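When we follow this note's numbering, the leftmost residue of the sequence shown carries the number 49, and every step to the right adds one.
Quick list of the computed label-pair ranges, beta carbon to beta carbon:
#, residue 1, residue 2, range
1, T55, N167, 52 to 60 Å
2, R147, S95, 40 to 48 Å
3, Q77, Y154, 40 to 48 Å
4, Y154, K73, 40 to 48 Å
5, E146, A118, 46 to 54 Å
6, S100, W144, 37 to 45 Å
7, K141, R121, 34 to 42 Å
8, T55, P97, 26 to 34 Å
9, V79, L158, 42 to 50 Å
10, W144, S80, 27 to 35 Å
11, R72, N168, 53 to 61 Å
12, V127, D152, 32 to 40 Å
13, T55, V79, 18 to 26 Å
Since the hints were made in silico from the structure, they are not lab data.
Computed from a prediction, not measured in an experiment: that's the story for all the values here.
The beta-carbon is built from N, C-alpha and C at its ideal position, and this holds for glycine as well.
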Amino acid sequence: MVKLKDTEETLNATFQALADPTRRKILMQLVSGEATVLQLAEPFEMSLPGISKHLKVLEKAGLIEKTKTAQFRPCRLKVEALQEANQWLEQYKQLWEERFDRLDAYLTGLQKQQQEKTNNV
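Model the full assembly from the supplied sequences, consistent with the hints where possible.
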């Protein structure tokens, strides 16, 4: 059983990792498959230690994992943490959709009332 505190810590780490545009770009690179640190660093004007720091944050958040293949340590995207964050966000999406639907119904009712007043004048 997953404890609420564990879930909260996971979400905090995930959103903290996703808050940085460099880390989001790294994740986008990994969508197409595994990549080495050198491959991930290529599009950035950043040192390898700088990229490594970003990778450590992503790894700590559970968004990527490093595997070992001979002398290479390719990184791979882990979707579980993203799925958990998406489930959390989905709750709020449904809440806001319901609120927007109610607002839309209210505004439609106001428009009908206004049209009726205009037609009766």
